[in-house]
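Build the complex: two chains, separate frames, hints provided.
In order, the protein sequence lines correspond to chains A and B. Heads up: the first sequence begins at 58 in the numbering used here, then just goes up one per residue. Heads up: the second sequence begins at 352 in the numbering used here, then just goes up one per residue.
Treat each hint with caution, since some may be false.
Claimed, not checked - 25 Å max Cα-Cα, derived DSS-like pairs, lysine-lysine:
{"id": "1", "chain 1": "A", "residue 1": "859", "chain 2": "B", "residue 2": "377"}
{"id": "2", "chain 1": "B", "residue 1": "390", "chain 2": "A", "residue 2": "563"}
{"id": "3", "chain 1": "B", "residue 1": "377", "chain 2": "A", "residue 2": "647"}
{"id": "4", "chain 1": "A", "residue 1": "636", "chain 2": "A", "residue 2": "510"}
{"id": "5", "chain 1": "A", "residue 1": "113", "chain 2": "A", "residue 2": "647"}
Said to hold, decoys possible - Far from chain A by the CB rule (all over 12 Å, computed), these chain B residues:
{"id": "6", "residue": "389"}
{"id": "7", "residue": "448"}
{"id": "8", "residue": "449"}
These are calculated hints, taken from the structure and not from any lab test. The beta carbon of each residue, even a glycine, is placed where N, CA and C say it ideally should be.
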Amino acid sequence: MNKQKLVIVGNGMAPGRMLEDLFEKNPDAFDVTIFNAEPRVNYNRLMLSPVLSGEKSYEDIITHGDDWYREHGVKLHKSARVQGIDREAKTITSETGVTEPYDKLVIATGSDPFIIPLPGKDLDGVLTYRDLDDVDRMLEAARRGGRAVVIGGGLLGLEAAAGLKMQGMDVTVLHLMPTLMERQLDPAAGFLLEEEFRRRGIDVRTKANSHEIVDDGSGRVKAIRLDDGSEIEASIVVMAVGIRPSAELAKSAGLDVNRGVLVGDDMRTSDQNIFALGECVEHRGMCYGLVAPLYEMAKVIAENLLEGTSEYTGSLTATKLKVTGVDLYSAGDFAEGDDREEIVLRDAAAGVYKRLVLKDNRIVGAVLYGETTDGPWFFDLLKKGTDVSEMRETLIFGQAYQGGAPLDPTAAVAALPDDAEICGCNGICKGKIVTTITEKGLTNLDGVRAHTKASASCGTCTGLVEQLLQVTLGDAYNPAAVTPMCGCTHLGHSDVRRLIKSKELKTIPAVMQELEWTSSGGCAKCRPALNYYLVSDWPDEYADDYQSRYINERVHANIQKDGTYSVVPRMWGGMTSSKELRAIADVVDKYEIPAVKCTGGQRIDMLGIKKEDLPGVWADLGKAGFVSGQAYAKGLRTVKTCVGTDWCRFGTQDSTGLGIKIEKFMWGSWTPAKLKLAVSGCPRNCAEATCKDIGIVCVDSGYEIHFAGAAGLDIKGTEVLGQVRTEEDALEHVVALAQMYREQGHYLERIYKWAKRIGYDEIRRQIMDDADKRKAYYDSFVFSQKFAQVDPWSERVSGKDKHEFNPMAVLTKEAAE
Amino acid sequence: MTAEIRNWVHIGSLEDIPRQGARCVKNGDMTVAIFRTAKDDVFALEDKCPHRNGPLSQGIVHDGCVTCPLHNWVISLETGAAQGADEGRTTAFPVRLEDSRIFIDLSYSHEAV
Chain A
58 MNKQKLVIVG NGMAPGRMLE DLFEKNPDAF DVTIFNAEPR VNYNRLMLSP
108 VLSGEKSYED IITHGDDWYR EHGVKLHKSA RVQGIDREAK TITSETGVTE
158 PYDKLVIATG SDPFIIPLPG KDLDGVLTYR DLDDVDRMLE AARRGGRAVV
208 IGGGLLGLEA AAGLKMQGMD VTVLHLMPTL MERQLDPAAG FLLEEEFRRR
258 GIDVRTKANS HEIVDDGSGR VKAIRLDDGS EIEASIVVMA VGIRPSAELA
308 KSAGLDVNRG VLVGDDMRTS DQNIFALGEC VEHRGMCYGL VAPLYEMAKV
358 IAENLLEGTS EYTGSLTATK LKVTGVDLYS AGDFAEGDDR EEIVLRDAAA
408 GVYKRLVLKD NRIVGAVLYG ETTDGPWFFD LLKKGTDVSE MRETLIFGQA
458 YQGGAPLDPT AAVAALPDDA EICGCNGICK GKIVTTITEK GLTNLDGVRA
508 HTKASASCGT CTGLVEQLLQ VTLGDAYNPA AVTPMCGCTH LGHSDVRRLI
558 KSKELKTIPA VMQELEWTSS GGCAKCRPAL NYYLVSDWPD EYADDYQSRY
608 INERVHANIQ KDGTYSVVPR MWGGMTSSKE LRAIADVVDK YEIPAVKCTG
658 GQRIDMLGIK KEDLPGVWAD LGKAGFVSGQ AYAKGLRTVK TCVGTDWCRF
708 GTQDSTGLGI KIEKFMWGSW TPAKLKLAVS GCPRNCAEAT CKDIGIVCVD
758 SGYEIHFAGA AGLDIKGTEV LGQVRTEEDA LEHVVALAQM YREQGHYLER
808 IYKWAKRIGY DEIRRQIMDD ADKRKAYYDS FVFSQKFAQV DPWSERVSGK
858 DKHEFNPMAV LTKEAAE
Chain B
352 MTAEIRNWVH IGSLEDIPRQ GARCVKNGDM TVAIFRTAKD DVFALEDKCP
402 HRNGPLSQGI VHDGCVTCPL HNWVISLETG AAQGADEGRT TAFPVRLEDS
452 RIFIDLSYSH EAV
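Just chain B, same shape as in the assembly (with noise of 0.2 Å):
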């Protein structure tokens, strides 16, 4: 059995992103959406919309949600999965607020657990 290890990085503070918004971490060639939710939640999803690659951290930001640009799939922000009668899955990284400041594991993916 192997120990839980996790590698949080800190990628900013909350006031960073707008409410109901959303802010891009590069990480190499992979980009990382952090959402602000209007209750100050902060998740982290792959930028990446499972149907056609579409940025999600353009996307409009509600009720745990977020909207594609592309083509209005409806992403649920904590686990990555599509909504409704869409299929599909993008990638989840947990995130850690101490105070306002933000840290997220990129090694470790919902999607992985």
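One chain only, chain A, in its complex shape (with noise of 0.2 Å):
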């Protein structure tokens, strides 16, 4: 029998947990195409205001990624904007040229951004915030710095305020109305939330009607001129006013609309084939744009393309403002009326502002602020109506207050029902998620994360889902557990270290011994981790243990997979001659070496060596002048350069000299894991320096030093460590920030790794302001070189563990039988 064809317009979070419910139920009903005008796979839109602060990465907030769509055969054309459906051949045709046919279709176009038709509302500078794109342009405008005036202050118009500022911007919030958020807040709370956002240095500015936005000139924004003729200067304009239901798509196929994509209570458009979900929609007259409505309206498309007879009735809605460090939470309908009661509760020194507000003995609206725990029980007892005359007295102080004596917090999350929802990102029931602990017998939070996304979006619930885990384990579950290194140990790496030095410990025995090592010798994952720890710790004193060195760093060369190794001569700041060339390839002839490749690094490898022929490789390359590439190591790899003012005619300062002088100041240091360099010329950044480990761009007026970039499993862009003006004070800044990386690293745990654990703050404060603190880890650094560099090729070619390199014994045939 053939599938049915369903086809989705739009891939944001609705049709995404549309497919979800569908394929729980019947994963095989139907052959799926999704249309989505954005470039890439679904993502979780309620988190873009964590990535524009910068506490998120996209890669976090990925909720399907390519392989989901791969694993459930869904068919995924991204940047396809769909043109039109035609309803009678029932087809559909995307900008792209791409038509496919469909037996029952989805439309989720999702919403636009409101746009105020200001003067000067095209000008270059003017943003709006609605996806991954919007995004990043804030963080691009967001590294100019400047003033970014938002206008809008409901949601997301704040949530952008707060990411612009912590990304280092002066932000003025421009709000047409009395207080903030007035849709979700009563005016105290609005109040208080003013408050926060002045303390944190926003300048809020309420009944602020916006007039013009002012050309600079060359058509870009200036500033914003007011109703009352006062300006403010502004590098960006951000608008952030409201959405509109995006509804043309289904408007132009003759379907019936209103303000959006009019659906009855199954969901359906005035179409039979067609339905229309999310944000683009109106239902009974109202249009939806927070998350848990979508979910359910998913629920019901899912059942009913099943021809399931399931209705959507409308939804109650609460929201959460997802800023750092401001706790709001707001359900319902709050406004006052004769036939309302209130209940608030104000503590003004905890900064605690809570109000009920209750019909008939019903909750019809809450408003916390401050502390929020109790809001998806108070909004619970909303969406089922509880008549809660029986604990008026002490409803507001919470649920740990309810039945007598106050509980304990994981008592209240015991007595909460099994459908209550924990994780409201990804709408995760507390059912779901202590089954989910049982089953697959998890035992701690990233468990839970892995297995149900709960926690793994926000955040905010992380508490919840660890009280939870309490209730669910018992005493089995112990919270401040941390991962030990390896089985040989209950410590983690950060006691590891710290007590190697306390303790002065100083060969892998006296550790084993001293900490209690549960195995004889260690294994595989502890050694090599002990061994740098000590040759960090105790450079003069301590003997590298070679057994316990992964084989790469024991052979200075690159195992292969068929045993044969690769080796990579240094080539100073990508720097090479014809006679370091010339040497190059006699040696490939010599050696008949199968491979030659340009690495990413700018040196060369040479790859398929036999064990046996590195000793006299290395002897050849030597002659010629070269060291180990120490390709390698987990310590300095290489320092790529781009030609800088000796040739480049936009060159600012002389990167390649500066890579050099940083390569031959830092080679044959060990560190935690590799360590990657460059150093760019100028802005146009051919070295690529903003994704590596530390990377320096050169400009005018100096240096800018950047660190923890990655480009590999992750990919990150670096952060700024700051700005110096010498090439010396960039030298003692990159070793200062690389030592204190060797002294707190876990072993095999990269720079941008260590960095988001210590804190970026942290590293700047040491590294940039603390003078003395930088000179005390460039002066270890120094000391520490003069044990490590010294050529491991050269050492091996005047003999030193000849062993490594030549079999034991050759048994002749007669011998062996």
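Encoded structure:
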């Protein structure tokens, strides 16, 4: 039997959830095709604010990666905006020219930001806040600095303002109404929120009516002028005044459209084969912009696609502001009225304000500020219409105070019903989390995140999830548990590093004895780590244990899948010469090396060398002046450079020279994981310094130092450490940063992971602001280099570790038989 | 019933192998890895991980096992069997230590027993 064809227009959170629901019920009912106008997979749009503030990256907020689509056989057309629907032929065509037939169609085109028709609205620098591209544009603007003016003091506007402030911009919020978030908050809570934003240095102006966005003369925004004539300078203007359903496609297909695409309770449009879902929908006169109603709609459609008769009857919504450090929760309707009563709790010292609005002994609205743990409980009572007269006296104090004696928070969580939502971002209920913990035998937060996605997005429910672990596992759950280094110890990397220092442990056996290792000789996980920690902490006293090094570091070459090795000599700063190239060519011929390749770090890799040939290869390379490139080391690898002022017409500094200086200074040093550097001669950044472990971007006035980039398993742009004026300063800062990482990093932890763990600001404080600390790090590095800068190749050419490269015995046929 | 025939071959001495290390013995096309543990026990395995033929002689030796350098499978030095969740076995050969002289018997593998 041919499967029915289901086509979905739009790839936001709502259709993503609908497909999950559909596949859970019947994974084989439809061939699914998605058209996405954005060039990406499905990501959690709610989490754009943490991306903007720098607390999360795009990868962190992906809901369905490419694998998910493959696994479920979903065809995803990225960057394919839909041009039209032919309802007669039942086909759909994208602007990219793709036509797909459908049996059932779901329109989920979402919404567009509302643009206030101000003069100047089309100027360069006027942005909206809707998708990842908007976030990228804001981040780019933030790097240039200056003032951002955000129009709109609602949920999105405030999140944008807080994010831009965290990115270092000056920020002004303009809000037309007298108090912030007036649709979700009462004036009292709105006032508290305004105070909080002021305290963070954000300029909030209420009752502010924008008049015009002022041109700087070149088509870019310069300022914004208000109705009262005052002007605020602005390098960007973000319009976040609301959204409107994106219904043009439905309209042009002749479907019934009002503000949004009109649907009935079965979520069908005026065409029986076409459903509409999400923010583009108008249902019983309501358009929704929050995630919970969209998920409810998704569920109804999933059922009705499978011939169900499910109905959507509208949603009550709750709102949470995703600004770190601001706890705010609002649900339902909290307007005053003759038939309504209210309960208010204020605790000025703790900055807490709570208000419940009751009607006929039932909660109809709740506003919580400063302390929001009871939000989901109140919302649950509100949704279920529970009669609260029994607990009226203590209601405002929260769930913990019900039933006589105050409960501890864990008991409160235990008392929640199975269908109580714990993770709002991913719509995960208590029952699902508890079942998963039991079925999969999970013991920690990371496990729950991996298997359910609960707490994996914004993290505000982390506390609740931890309490659920506690409730489910009892004493078996130990929240303070650190992940041990390996099965030989219960200690984590940080503890081991600390104890090596404080107990002055200077050999691997001493560490294992003193720290009570449970195995006699360690394992392949802990021994290389301990060896590194000891080399790093006691450079002059510790004798490197070669048997605890991974093979590449033991034989100073890279093992390949067939047991041969590859050899990469150092080419300082990526510079080479005819003499060097000739020597390499000769070595390749002499040892019949099968493959020669340019590496990403601007040097030459010779692959497929037999282990026995390594000393010979090194001897010949050594004669031409080559030393080991340490391309195998958890240590300094390359310093990539561009040609800088030597050749480039744009170069601002001698990037090649600086790169070579740094490489000559730092080669031979061991680090927790590999360390790759780059120096670019100008902000065009040809050496790609902004995705390196440490990078330098030269500018006219000096050197901008970057760190914590990644371009491997993870992709991450660097953070700026700071700017310095001279080459000497640049070298000192880079070296000090590397030493701080050497002293604190966990073995195999790249610099970007270490930096995230320690905190970027802490690193800036120690390296940029604290000159004594920086000097101390620098001196420690210089001291340890005295023992580290020995070319391992020439050592081995002179006979060190000879046993490594020769067989112990070669048996003749007779002897073996 | 056949009498047990042993063919011990002298391949070198204990000092030739670093403690917690390994050396290779070439026997025609086959390479045999000879391991020395921290306690000076000696074991012989064919130098081929059961997973992807990685050279076990290049791995880290620990607690009666070696960790393959290619994909971190852990192989028992005594039996050649993969440890933990992995499944597979490499050929193990008998070893005798006379003072510090090492003998192996390549005609008689544990796998065949």
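For each hint, the structure was consulted:
1. Between the alpha carbons of residue 859 of chain A and residue 377 of chain B the distance comes to roughly 17 Å, so the proposed pair stays at or under 25 Å and holds.
2. For a cut-off of 25 Å, the pair hint linking residue 390 of chain B to residue 563 of chain A stands: about 21 Å separates their Cα positions.
3. At roughly 24 Å between alpha-carbon atoms, residue 377 of chain B and residue 647 of chain A fall within 25 Å of each other, so this suggested pair holds.
4. Using a Cα cut-off of 25 Å, the hinted pair residue 636 of chain A and residue 510 of chain A is violated, with the two alpha carbons roughly 57 Å apart.
5. This hinted pair does not check out: residue 113 of chain A and residue 647 of chain A have alpha carbons roughly 52 Å apart, beyond 25 Å.
6. A Cβ of chain A approaches the Cβ of residue 389 of chain B within 12 Å, the least distance being about 4 Å, so the stated non-interface status is violated.
7. No Cβ of chain A comes within 12 Å of the Cβ of residue 448 of chain B; the nearest lies about 14 Å off, and the non-interface call holds.
8. Against the 12 Å criterion, residue 449 of chain B stays outside the reach of chain A, whose nearest CB is about 16 Å from its own CB.
The earlier numbered hints that this structure contradicts are 4, 5 and 6.
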